[in-house]
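Position chain B relative to chain A; hints supplied.
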Amino acid sequence: MAEQIPVAVLIEELKSENIKKRVNSVRQLSTIAGALGKDRTRTELVPFLVSELVEDEDEVLAALADSIGDFVDLVGGPAYAVSLLPVIESLCYNEDTVVRDKTIEALKKILARLEARRAEAQIQAMVKKLCTGESYTAKSAATYIIPIVYQSLSPSAQAETITLYGLLGKDEVPSVRKAASLNLKDLLKLLPTAPENELVNMMKLFAKDEQDFVRFYLIEDLLTFARASNAQKQQAVALPFLRGLAEDPSWRIRYGICDKLSEIGSMLGKDTARRIFFPYFIKYLQDGEAELRNIACLRMGKFVAFLEVEDVLQKIIPLLKALSLDPLNYVRSALAGAFGGLAAFIGKKSSNDHLLPIYLTMLRDESPEVRVGCLASLEELSRVVGMEVISQSLLPTLVDLVVDKSFRIRVAACDFVCVFAKTLSDDEFASKLSKFVVDLINDRIFAVRDAAIKCLRNLAEIKGSIWTERNLLPLVLSQQVKTNYLHRMSTLFGLSVIIAYLSSDAITKQVIPVLQVLARDQVANVRMNVGKTIASCFNFMRDKSEVLSKILSGMASDPDVDVAQVARDTLEALSS
Amino acid sequence: MGNHQMAQNMAFPEWKCSQFFGERVEKDEVSDEDVISALSFDTTGNFLSLGDKAGRLIVFKNISKNSSRPEYEYLTELQSHVKEFDYLKSKEIDEKINDIQWLRPQGNNMYILTTNDKTIKLWKISEKSIKRAIPVKSSTLKLPKLEVIERGFIPSLMEVYPHLHDYSINSVSVCSDGEFFISADDLSVNLWNIERTNDTFNIINLKPEQIDELSEVITAANFHPTSNNLIVVASSTGVLRVADLRVSSKCEKTAQIFAEAEDPASKNFFTEIICSLSDAVFSANGKYIFARDFLNVKVWDLANTKSPVATIPIFEPLKSKLCELYENECIFDKFSISTSPCSNYILTGLFNNNFHILDRTGDRNMQFELNYSRRTVVKPIPKKFFEPLGPSYNFDRKILKSAWHPTQNCVAVACMNSLFFYHV
Numbered sequence: 001m002a003e004q005i006p007v008a009v010l011i012e013e014l015k016s017e018n019i020k021k022r023v024n025s026v027r028q029l030s031t032i033a034g035a036l037g038k039d040r041t042r043t044e045l046v047p048f049l050v051s052e053l054v055e056d057e058d059e060v061l062a063a064l065a066d067s068i069g070d071f072v073d074l075v076g077g078p079a080y081a082v083s084l085l086p087v088i089e090s091l092c093y094n095e096d097t098v099v100r101d102k103t104i105e106a107l108k109k110i111l112a113r114l115e116a117r118r119a120e121a122q123i124q125a126m127v128k129k130l131c132t133g134e135s136y137t138a139k140s141a142a143t144y145i146i147p148i149v150y151q152s153l154s155p156s157a158q159a160e161t162i163t164l165y166g167l168l169g170k171d172e173v174p175s176v177r178k179a180a181s182l183n184l185k186d187l188l189k190l191l192p193t194a195p196e197n198e199l200v201n202m203m204k205l206f207a208k209d210e211q212d213f214v215r216f217y218l219i220e221d222l223l224t225f226a227r228a229s230n231a232q233k234q235q236a237v238a239l240p241f242l243r244g245l246a247e248d249p250s251w252r253i254r255y256g257i258c259d260k261l262s263e264i265g266s267m268l269g270k271d272t273a274r275r276i277f278f279p280y281f282i283k284y285l286q287d288g289e290a291e292l293r294n295i296a297c298l299r300m301g302k303f304v305a306f307l308e309v310e311d312v313l314q315k316i317i318p319l320l321k322a323l324s325l326d327p328l329n330y331v332r333s334a335l336a337g338a339f340g341g342l343a344a345f346i347g348k349k350s351s352n353d354h355l356l357p358i359y360l361t362m363l364r365d366e367s368p369e370v371r372v373g374c375l376a377s378l379e380e381l382s383r384v385v386g387m388e389v390i391s392q393s394l395l396p397t398l399v400d401l402v403v404d405k406s407f408r409i410r411v412a413a414c415d416f417v418c419v420f421a422k423t424l425s426d427d428e429f430a431s432k433l434s435k436f437v438v439d440l441i442n443d444r445i446f447a448v449r450d451a452a453i454k455c456l457r458n459l460a461e462i463k464g465s466i467w468t469e470r471n472l473l474p475l476v477l478s479q480q481v482k483t484n485y486l487h488r489m490s491t492l493f494g495l496s497v498i499i500a501y502l503s504s505d506a507i508t509k510q511v512i513p514v515l516q517v518l519a520r521d522q523v524a525n526v527r528m529n530v531g532k533t534i535a536s537c538f539n540f541m542r543d544k545s546e547v548l549s550k551i552l553s554g555m556a557s558d559p560d561v562d563v564a565q566v567a568r569d570t571l572e573a574l575s576s
Numbered sequence: 001m002g003n004h005q006m007a008q009n010m011a012f013p014e015w016k017c018s019q020f021f022g023e024r025v026e027k028d029e030v031s032d033e034d035v036i037s038a039l040s041f042d043t044t045g046n047f048l049s050l051g052d053k054a055g056r057l058i059v060f061k062n063i064s065k066n067s068s069r070p071e072y073e074y075l076t077e078l079q080s081h082v083k084e085f086d087y088l089k090s091k092e093i094d095e096k097i098n099d100i101q102w103l104r105p106q107g108n109n110m111y112i113l114t115t116n117d118k119t120i121k122l123w124k125i126s127e128k129s130i131k132r133a134i135p136v137k138s139s140t141l142k143l144p145k146l147e148v149i150e151r152g153f154i155p156s157l158m159e160v161y162p163h164l165h166d167y168s169i170n171s172v173s174v175c176s177d178g179e180f181f182i183s184a185d186d187l188s189v190n191l192w193n194i195e196r197t198n199d200t201f202n203i204i205n206l207k208p209e210q211i212d213e214l215s216e217v218i219t220a221a222n223f224h225p226t227s228n229n230l231i232v233v234a235s236s237t238g239v240l241r242v243a244d245l246r247v248s249s250k251c252e253k254t255a256q257i258f259a260e261a262e263d264p265a266s267k268n269f270f271t272e273i274i275c276s277l278s279d280a281v282f283s284a285n286g287k288y289i290f291a292r293d294f295l296n297v298k299v300w301d302l303a304n305t306k307s308p309v310a311t312i313p314i315f316e317p318l319k320s321k322l323c324e325l326y327e328n329e330c331i332f333d334k335f336s337i338s339t340s341p342c343s344n345y346i347l348t349g350l351f352n353n354n355f356h357i358l359d360r361t362g363d364r365n366m367q368f369e370l371n372y373s374r375r376t377v378v379k380p381i382p383k384k385f386f387e388p389l390g391p392s393y394n395f396d397r398k399i400l401k402s403a404w405h406p407t408q409n410c411v412a413v414a415c416m417n418s419l420f421f422y423h424v
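Sequence lines, in order, name chains A and B. Here our numbering is used: the first residue of the first sequence is 1, the next is one more, and so on. Here our numbering is used: the first residue of the second sequence is 1, the next is one more, and so on.
Chain A extracted, bound-state conformation (with noise of 0.2 Å):
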């Protein structure tokens, strides 16, 4: 517990030398203004802060920051918030952005509970200010406070402000252009109130701005606009900015297009989408830069919804081949993810006729990163075309994955068996797949053998308790008799999560006696995850209780501390 510092302590240590003793002074305003008083607080307290700390270190000003947002009821309630408005302002110079951003949340929370027509005029007069002054810092500032004052203020002090913006967005300073056009989708959400023409002007200077940033802040600031818009404005404000954007000669922002194109195709509609936006994709997935062939195929799952088999199978279908063989790994592993959202779409004849090949090839594809691309389109794929085709491809990929020098690799290796396991029957699971489940249970790597014991929790919930009990059990428990003490661990990691589809048969017949072998095992640590297994697993064995608490007391007197300590513990629990 803290020590309780007395309040004169505290306040002689906002100016401490020691920077940490003015944090938490800083930290503890409340306190401070508290003892104070309202009347003191507002006509001392606060001035102090304005003209003292806010030369202050960043890490002072961001506790600044964080406690005056509570200071309303401080200074006297709602009628005397605005006393707090110049502490805000002088934040607003610093150009820390943890700063800028607490002061922003402090400057809302004040906001709430302002009265704000009568604080009107401060407030007008706190924004111009800071969009007036020579700081850069301020005018950035400046351009995230306007959009949420805006609605409190009158029409003639709202109009005043939006001329301001515009200022902004006209500022030489570069930085404070980009706040303008990061902010205006702020403004936009504001629609009908704020005023459109204006809104739109801005959006026109910015598009043709030399910044990359500030036309890369248009896309998201066009789709606020498209949302809050008919159709018609849709069609005849939006779309033009946006193709301009999807032509931009800057690879980033063309990349920033094509990450949005299903919110672009949801906002403006399938037709615009097919007819406009398509052909922009079809060139981005073939064009020069690599990153957008990337957001391309990253994307393609979701945008085929917009388009028509036929667009498909005549245009995307083609280029395909060209992406499995791109130079890149990560773009080939993108392609490798759409192959299950295109094979959903495209149906299950073409899928055989034009995916099947490239997916069974990029299967074989010499970098893991790739093959484990594929896993993401692994389910949907074979759900369309049937698993019997793929697994004869997919075997020799998870034999070589689950090996793999990367333990990455193999925790993915986890999941790919997952999915195909989901798939096969008894048999199946039995001849092609244990052997895998049983390597990764038992990997030198913690993280692919918890990857490993997750996967037979997911396997076991969907197969149900017959199969499991069948097919996972034996698995598991054929655990117990390996020479490594950490493999004879996985077996209790295993139970505890496959207990829950246990027949009480088995548990009886073949869990407990496992236990009861185990709790005598050579290794501490064994003998202690026994008591933590019961613990865990005692909702599912309640009917063994006794069994289980004769094999508890035999742990309680262990010379292991641990392991004794769990075992009374559970035994408490158990009793209880």
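If you're looking for bench data, these hints aren't it; they were derived computationally from the structure.
Interface residues of chain B toward chain A, partial, derived using beta-carbon atoms under 10 Å:
| no. | residue |
| --- | --- |
| 1 | Arg104 |
| 2 | Asn109 |
| 3 | Lys124 |
| 4 | Arg132 |
| 5 | Ala133 |
| 6 | Pro135 |
| 7 | Lys142 |
| 8 | Pro144 |
| 9 | Ser156 |
| 10 | Met158 |
| 11 | Ser176 |
| 12 | Glu179 |
| 13 | Thr226 |
| 14 | Asn228 |
| 15 | Asp244 |
| 16 | Arg246 |
What the simulated footprint calls covered on chain A by chain B, stretch by stretch (three residues with Cβ under 8 Å from a Cβ of chain B suffice, anywhere in the stretch; the number is not a length):
| no. | segment |
| --- | --- |
| 17 | 7-21 |
| 18 | 89-103 |
| 19 | 134-146 |
| 20 | 208-219 |
| 21 | 242-255 |
| 22 | 285-299 |
Glycine residues also receive a C-beta, built at the ideal position from the N, C-alpha and C atoms.
Relative to chain A, chain B alone:
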């Protein structure tokens, strides 16, 4: 009127030495620490910073009321970098400052990027009143009363951009929009967002598949003065690359290559070494690239990648000393190059207390000699100049770092531990 005629008609401005800081000492007496290793004017020209081998950043301020003739005075200094030890490679990381770049100032705050071999730092220097609380004994709660002790320049470290370069960083350059900067080491150029220290984007990587196939290293990289998407990269093979960040995310393949065809007739043992570019900058108007190899300044027009519009030998007599330069290793010295604000003149340094101001067409080449008595010693170097260099030619007194004021005809040149200012 063509450029050529215009340059001839303009009288070459008359330069005078206006100030210097430092004393004349013998080479052995100069403390290695004090050697100036980086030099940069800020964006307004009101401040000048220099970095030295001891990792210090020193700032000078223009105190002149006369707007046409700046006068600089020492303002403040801070310890930017200290010696570090790289545990993974068991190597010491030198604290020498390799490059300095200023960001746009704001109010009373200056922002400066400095770098040593591995770590880039962003410093903020604020002019603040240093206050102290007056101790007061009181029974009631009272807010601290503060008294001003003095006004001073308080440095604070704003960002540290971590070791994300495999090799030694040779330059940093800030984008015209003030949001990004690039850092270059021997084989790669990275793009950073000023506010993010977690990651950087590699935009050029010249590392070959097999490291023994290495034939080219990067010697300098700079942003275009007004276009935020163009950078120039100079290499040890005399090749310039101009990369457009809008065209692709990785620019090795899409960068424009500015290279002259090699003339096999003029090749000799030293050609490979002396064609290495030590520095390259865009002209102030962004239309040209000024590049410096060991013996020449080359002026390239951005529209012509096949050959430079001018190749200006700086000081021909050096050609006769190449053997000696190789022996004392001065042939590997890297001299910086700067553009005048009007883009018509170029500044670069040399040995023997000399620096040169040349005009862009190569018609005029003035050689200045530093001295500690504020005299201005200058002589024009005509084309095809020859003069025997006697034993008094001093290779130790070299001007590696020099800089031109961003808006006025004023230059700062550094020789070992001394700083000189010349103005028109």
